[in-house]
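J.: This is what each chain is made of:
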Amino acid sequence: MTTSLADVVSSGATLRAFLHGLPGVDRVGADQRAATLGTRSIKTTAKARAIDLAIGMVDLTTLEGADTPGKVRALCAKARHPGEGAPPVAAVCVYPDLVHVAARELTGSGVKVASVATAFPSGRSSLEVKVSETELAVAAGADEIDMVIDRGAFLAGDYLKVYEEIAAVKEACGEAHLKVILETGELATYDNVRRASWLAMLAGGDFIKTSTGKVSPAATLPVTLIMLEAVRDFRDATGRQVGVKPAGGIRTTKDAIKHLVLVNETAGDDWLSPDWFRLGASSLLNDLLMQRQKLATGRYAGPDYFTLD
Amino acid sequence: MAMSIFEYAPAPESRDVVDLKPSYGLFIGGEFVDGSGPSFKTVNPATEETLAEVACASADDVDRAVRAARKAFDAWSGLPGAERAKYLFRIARLIQERARELAVLESLDNGKPIRESRDVDVPLVAAHFFYYAGWADKLSYAGLGPDPRPLGVAGQVIPWNFPLLMLAWKIAPALACGNTVVLKPAETTPLTALLFAEICRQAELPPGVVNIVTGAGETGAALVAHPDVNKVAFTGSTEVGRTIARAVAGTGKKLTLELGGKAANIVFEDAALDQAVEGIVNGIFFNQGHVCCAGSRLLVQESVQDELLAALKRRLATLRLGDPLDKNTDIGAINSAEQLAKIRQLAESGESEGAERWSPACELPERGYWFPPTLFTGVAQSHRIAREEIFGPVLSVLTFRTPAEAVEKANNTPYGLSAGIWTEKGSRILWMADKLRAGVVWANTFNRFDPTSPFGGYKESGYGREGGLRGLEAYLDV
Numbered sequence: 014m015t016t017s018l019a020d021v022v023s024s025g026a027t028l029r030a031f032l033h034g035l036p037g038v039d040r041v042g043a044d045q046r047a048a049t050l051g052t053r054s055i056k057t058t059a060k061a062r063a064i065d066l067a068i069g070m071v072d073l074t075t076l077e078g079a080d081t082p083g084k085v086r087a088l089c090a091k092a093r094h095p096g097e098g099a100p101p102v103a104a105v106c107v108y109p110d111l112v113h114v115a116a117r118e119l120t121g122s123g124v125k126v127a128s129v130a131t132a133f134p135s136g137r138s139s140l141e142v143k144v145s146e147t148e149l150a151v152a153a154g155a156d157e158i159d160m161v162i163d164r165g166a167f168l169a170g171d172y173l174k175v176y177e178e179i180a181a182v183k184e185a186c187g188e189a190h191l192k193v194i195l196e197t198g199e200l201a202t203y204d205n206v207r208r209a210s211w212l213a214m215l216a217g218g219d220f221i222k223t224s225t226g227k228v229s230p231a232a233t234l235p236v237t238l239i240m241l242e243a244v245r246d247f248r249d250a251t252g253r254q255v256g257v258k259p260a261g262g263i264r265t266t267k268d269a270i271k272h273l274v275l276v277n278e279t280a281g282d283d284w285l286s287p288d289w290f291r292l293g294a295s296s297l298l299n300d301l302l303m304q305r306q307k308l309a310t311g312r313y314a315g316p317d318y319f320t321l322d
Numbered sequence: 130m131a132m133s134i135f136e137y138a139p140a141p142e143s144r145d146v147v148d149l150k151p152s153y154g155l156f157i158g159g160e161f162v163d164g165s166g167p168s169f170k171t172v173n174p175a176t177e178e179t180l181a182e183v184a185c186a187s188a189d190d191v192d193r194a195v196r197a198a199r200k201a202f203d204a205w206s207g208l209p210g211a212e213r214a215k216y217l218f219r220i221a222r223l224i225q226e227r228a229r230e231l232a233v234l235e236s237l238d239n240g241k242p243i244r245e246s247r248d249v250d251v252p253l254v255a256a257h258f259f260y261y262a263g264w265a266d267k268l269s270y271a272g273l274g275p276d277p278r279p280l281g282v283a284g285q286v287i288p289w290n291f292p293l294l295m296l297a298w299k300i301a302p303a304l305a306c307g308n309t310v311v312l313k314p315a316e317t318t319p320l321t322a323l324l325f326a327e328i329c330r331q332a333e334l335p336p337g338v339v340n341i342v343t344g345a346g347e348t349g350a351a352l353v354a355h356p357d358v359n360k361v362a363f364t365g366s367t368e369v370g371r372t373i374a375r376a377v378a379g380t381g382k383k384l385t386l387e388l389g390g391k392a393a394n395i396v397f398e399d400a401a402l403d404q405a406v407e408g409i410v411n412g413i414f415f416n417q418g419h420v421c422c423a424g425s426r427l428l429v430q431e432s433v434q435d436e437l438l439a440a441l442k443r444r445l446a447t448l449r450l451g452d453p454l455d456k457n458t459d460i461g462a463i464n465s466a467e468q469l470a471k472i473r474q475l476a477e478s479g480e481s482e483g484a485e486r487w488s489p490a491c492e493l494p495e496r497g498y499w500f501p502p503t504l505f506t507g508v509a510q511s512h513r514i515a516r517e518e519i520f521g522p523v524l525s526v527l528t529f530r531t532p533a534e535a536v537e538k539a540n541n542t543p544y545g546l547s548a549g550i551w552t553e554k555g556s557r558i559l560w561m562a563d564k565l566r567a568g569v570v571w572a573n574t575f576n577r578f579d580p581t582s583p584f585g586g587y588k589e590s591g592y593g594r595e596g597g598l599r600g601l602e603a604y605l606d607v
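Chains A and B, in that order, are what the protein sequence lines are.
All residue numbers for the first sequence refer to this note's numbering, where the first residue is 14 and numbers rise by one.
All residue numbers for the second sequence refer to this note's numbering, where the first residue is 130 and numbers rise by one.
Simulated from the structure, these hints should not be mistaken for lab results.
Glycine included, C-beta positions come from ideal geometry on N, C-alpha and C.
Any given hint might turn out to be false.
To be verified - Straight line, CA to CA, 30 Å or less: simulated DSBU-like cross-link-like pairs of lysine-lysine:
#: 1; chain 1: A; residue 1: LYS307; chain 2: A; residue 2: LYS84
#: 2; chain 1: A; residue 1: LYS307; chain 2: B; residue 2: LYS442
#: 3; chain 1: A; residue 1: LYS56; chain 2: B; residue 2: LYS564
#: 4; chain 1: B; residue 1: LYS456; chain 2: A; residue 2: LYS60
#: 5; chain 1: A; residue 1: LYS56; chain 2: B; residue 2: LYS456
#: 6; chain 1: A; residue 1: LYS267; chain 2: B; residue 2: LYS456
#: 7; chain 1: B; residue 1: LYS442; chain 2: A; residue 2: LYS60
As the list claims (entries may be wrong) - To give an idea of the chain B side of the interface with chain A (calculated C-beta under 10 Å), a few residues:
#: 8; residue: GLY408
#: 9; residue: GLU553
#: 10; residue: ARG557
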């Protein structure tokens, strides 16, 4: 980090001045740009490439109260071998208490274990609880931690509190990668999305992630666009590359490809890999597999030819 | 450009939807007829292939067309407005039904990307007909008198940059007000006007209400000079506009001119920069810069110049130039060899006068007329590229220090068609808009069009307004 950016977090006032000094985001223009990129027509070889890229970027997710070891095992099996010839997905994302199950199932597979933490999805708990939940998940074998920011503090203007929490969780992660969930549906404005993105990056997040999937709207194209602009600009300013993960509401191959187009034309090649771009999803994977088979064979198979896990 | 991880495969829109005929006649009195001038070829500017042979209207043909329009006038203007509206609504719906065909043909004949003809031109064309259809039975409530009367026969001459859209801007209000028209499309882009003629027949529009005469400058001159034309409407170059104004002077014909421009797109340091970059790109590279209201002068506040230019250059490197029918193309072909020569010449003057030229790495197709997206930095007000309309994908970048200087520089041009303001400060937008001498001032956007919004210029950009309520005035005796 450059010295000037290190100074930014020296106090609440400097942090606020910095975040409010970022260029604004014009909603009409951002929506229009995302919509225009959404009209890109990705066909034939490009579509095949995009589908395999997207499969490899999926964070296959189950975050339900009803989750069980059996459910997680089934998901892990699918993650390793989504379908004939298809690449494995990037990670399986579960609640902390099921991390040990996923870790055992995925050993040696290359598929990462991701765990939500920090009183997901609301984040309404003490820092102590958040940090110890993170440590718990890491100890159980999580490679990646998906934390939520304190949106209440953010909206109240207490940026330093949000910053310090992220930094503390990052420290608790140790070797594990930290994804910072902004919950953009609750931040409401695009200016806030940009500020929260920078805040998370300044605090050491390895990824910025749109949503928990529990709040609507979740990942939208304009929000992903703004976050991609943020990671691009952050690397220009600091030399450090941060990943982006839209999550929630991406259900179809078409949606996934639109996101890849955004990556391609905003952040560029360097982000077109599972190391730097993820898609948080559950039902998306089967649609990708179905479209993949359609491209290869020219026919759609019925839904019963794809496993429900 | 190096192979990237995610290359887009070609995604061409099919040409099959268009039924190209080997030759086209004039559309007079509801019939397609031969022209007596020497016919000419229209080419696809992206490939230089000949698309069709098109009839050329001589002065006699123009006379026939004007007489057909005159003959149709009494019955057409005598129809209740609601009845005229029915025809216009029908035309609007047919345009929507045949949208793909119109878009493909427009891209073939003009060279513009299918994304633009499909998503901008044709939807706006339909919207103009829908909008003015709505006015046809409400003219008494337009604030132009209790029973405003049409003018008679309108002679309309349109340019090649938005062939179908300019046709709609001209024909829709004229017909709604009860006039009949003779329209001359540009010689390089006559085909969609002739397809529109077919749509008029399909809509069972009474013969003679719309007449289309194709040809070059002489045909246009004959139309403008015809003694039985009551109204002349022209969109095109300032040079031709002057000639027309002279020809029409003292004849009692009502005249509207929509001419050139050299618009300033003004970016303040507090602008939403990513969106400003998009607006700059859309302002000058939309339709290859063949836009009279193009934001061809970028005025950027010195304090953000470096940041903005870096972002702009990065963005230009992602523009996709090539086959206009490919759905992923952003920049299509220059419309004609003549226009390409003009752009090249002005770009060379920019270099020789000392501005710095930059284009992204960009492979141009071997055949056809192409010019890479280009920007000039270090441009001074005195340079030709800052003063003359280039009508191509060439952006001149100038700087300013204060809002007052921005206004001064923006207004310091013989033109005054449009301007753009980029700032997050609302009060500054209003202050600037009040001082800019331009017909259209966009705030935090650029090149957005809507049938309800009037469009037209100050100074050498012309006079009269098209679109919206104001657009009715040009076709009514008020």
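J.: Run every hint past the structure and note whether it holds.
T.: Results of checking the hints against the structure:
Simply put, LYS307(A) and LYS84(A) have alpha-carbon atoms about 28 Å apart, close enough for the 30 Å limit, and the pair holds. Pair hint LYS307(A) plus LYS442(B) does not hold up; C-alpha atoms about 39 Å apart against a cutoff of 30 Å. For the proposed pair LYS56(A) and LYS564(B), the alpha carbon gap of about 49 Å is over 30 Å, so the pair is violated. Among the hinted pairs, LYS456(B) with LYS60(A) is consistent with the structure: their alpha-carbon atoms are about 14 Å apart, no more than 30 Å.
Between the alpha carbons of LYS56(A) and LYS456(B) the distance comes to roughly 11 Å, so the proposed pair stays at or under 30 Å and holds. A hinted pair counts as satisfied when its Cα atoms are at most 30 Å apart, and LYS267(A) with LYS456(B) qualifies at roughly 16 Å. Among the hinted pairs, LYS442(B) with LYS60(A) is consistent with the structure: their alpha-carbon atoms are about 28 Å apart, no more than 30 Å. Interface restraint check for GLY408(B): the shortest CB-CB distance to chain A comes to about 7 Å, inside 10 Å, so the restraint holds.
The criterion of a C-beta within 10 Å of any C-beta in chain A is met by GLU553(B), whose closest approach is roughly 5 Å, and the hint holds. Interface hint status for ARG557(B): violated, as the beta-carbon distance to the closest one in chain A is roughly 13 Å, over 10 Å.
Checked against the numbered hints listed earlier, the structure breaks hints 2, 3, 10; every other hint is satisfied.
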